[in-house]
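2 protein chains.
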Amino acid sequence: MGSRETQTLIINTALQLFNEHSSGAVSTNRVAEACDISKGNLHYHFKTKKEIIQSIFKCISDEMNESWYQDHLDPTVSHMAEMFARQLLLIHNYRFFYREMPALLRSDPVLLRRYQETRDKRMTALEEYFSALSRSNVLDFKNNDALIDSLIVSTWIISDNWLNYIEFKKYEATSEKILEGYVMMLDIFRPYFTQPWDEVLSESLTAIKDAIDNK
Amino acid sequence: MGSRETQTLIINTALQLFNEHSSGAVSTNRVAEACDISKGNLHYHFKTKKEIIQSIFKCISDEMNESWYQDHLDPTVSHMAEMFARQLLLIHNYRFFYREMPALLRSDPVLLRRYQETRDKRMTALEEYFSALSRSNVLDFKNNDALIDSLIVSTWIISDNWLNYIEFKKYEATSEKILEGYVMMLDIFRPYFTQPWDEVLSESLTAIKDAIDNK
Numbered sequence: 284m285g286s287r288e289t290q291t292l293i294i295n296t297a298l299q300l301f302n303e304h305s306s307g308a309v310s311t312n313r314v315a316e317a318c319d320i321s322k323g324n325l326h327y328h329f330k331t332k333k334e335i336i337q338s339i340f341k342c343i344s345d346e347m348n349e350s351w352y353q354d355h356l357d358p359t360v361s362h363m364a365e366m367f368a369r370q371l372l373l374i375h376n377y378r379f380f381y382r383e384m385p386a387l388l389r390s391d392p393v394l395l396r397r398y399q400e401t402r403d404k405r406m407t408a409l410e411e412y413f414s415a416l417s418r419s420n421v422l423d424f425k426n427n428d429a430l431i432d433s434l435i436v437s438t439w440i441i442s443d444n445w446l447n448y449i450e451f452k453k454y455e456a457t458s459e460k461i462l463e464g465y466v467m468m469l470d471i472f473r474p475y476f477t478q479p480w481d482e483v484l485s486e487s488l489t490a491i492k493d494a495i496d497n498k
Numbered sequence: 284m285g286s287r288e289t290q291t292l293i294i295n296t297a298l299q300l301f302n303e304h305s306s307g308a309v310s311t312n313r314v315a316e317a318c319d320i321s322k323g324n325l326h327y328h329f330k331t332k333k334e335i336i337q338s339i340f341k342c343i344s345d346e347m348n349e350s351w352y353q354d355h356l357d358p359t360v361s362h363m364a365e366m367f368a369r370q371l372l373l374i375h376n377y378r379f380f381y382r383e384m385p386a387l388l389r390s391d392p393v394l395l396r397r398y399q400e401t402r403d404k405r406m407t408a409l410e411e412y413f414s415a416l417s418r419s420n421v422l423d424f425k426n427n428d429a430l431i432d433s434l435i436v437s438t439w440i441i442s443d444n445w446l447n448y449i450e451f452k453k454y455e456a457t458s459e460k461i462l463e464g465y466v467m468m469l470d471i472f473r474p475y476f477t478q479p480w481d482e483v484l485s486e487s488l489t490a491i492k493d494a495i496d497n498k
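Heads up: the protein sequence lines correspond to chains A and B, in order.
Sequential numbering of the first sequence, starting at 284, is according to this note's numbering.
Sequential numbering of the second sequence, starting at 284, is according to this note's numbering.
FYI, nobody ran anything at the bench for these hints, they're computed from the structure.
Check before you lean on any hint, since a few could be wrong.
Said to hold, decoys possible - Some chain A residues near chain B, calculated using beta-carbon distances under 7 angstroms:
| no. | residue |
| --- | --- |
| 1 | Phe329 |
| 2 | Arg382 |
| 3 | Ser433 |
| 4 | Ile435 |
Given the structure is predicted, the values throughout are model-derived calculations rather than measurements.
Each residue gets a CB set at the ideal place from its N, CA and C atoms; glycine is no exception.
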């Protein structure tokens, strides 16, 4: 197995174990065992668990960079749903990170800096997307940019913390349950849609269903 | 010093140290030292750090139970602001708990159960409060109860996680900064106020300023 393949195996195996048991409960030795490689081999690729977590976060931002920055070209109700569904499904795939985020970010300044860079970049893209929705008259905020920014921050906080909210409600975090978060976020924008609400909701739910089927 | 006084001293000292350094970074021995009592004396009152944290959470819910369940008697714009300001200032006072909440709740089933009980009780009170605001025509949701519930959950998630959001933005979590969260939450309800927005904002900011001055 080549060096790149071993790294990928370690990252994927660690992600699976962290999602199942939390990153605190899984030692690097246990990751090595699950990969069927020696402790020394794992240590050659990753000196510490922090480095593994940083690499997992790099997968998150790579995934975003790969295809998440063309959204403003499609300012429609169904693409808006698709965009948030994609975000919520990513949170589901990397759930240990979003569950443990405050503790992880406070214990690793490198990870915190990368998270902040990614967040700032995403926030700018979201502002751009909502501007496009306004220009296309999908949403009408009466040119109130401060209001748009405020509602974007609200949906950001809800999205990042939705997984913890549902798990502490004792719901199982299935992808279906996770995607209910979008309907809740949609309610925040409800008064600003120019189309009738029934249509907005129906187009959104279709887009979400497609996102689940294609995941 | 009586037994009750010693317990209060331990709880207050631990809260101060946890807020400053995080609960993970402060040992029970360090709490004992800061209280100027013996390790044995602390251990007599609290077997583990978990028990101290449970007692701190009891202070949070006691504070809520003492005076937070009369809100529905005053369904006004300024009382609504006062109510959220009170919540945000409590989060500021017990900031270690809200910073570390996901990790703390996952590591202690007793604490999780008490958090869930408190959350359910608060959620019911919030629903009751927003019903009162509707009945008094301060907010007009066109009798859409599902929408009210959805917006309440949104503000709940924002409120619980606002401290982490501003700290990861590198802002210092002063009580003034914390209270900016209310203006953001108010934007979610903005389309439903029956009074002109300028008046709503001005009455809210006055109530928030009073809350800071009286804290």
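**Prompt:** Any of the earlier hints contradicted here, and which numbers?
**Reply:** Result: hints 1, 4 break, sorted rising.
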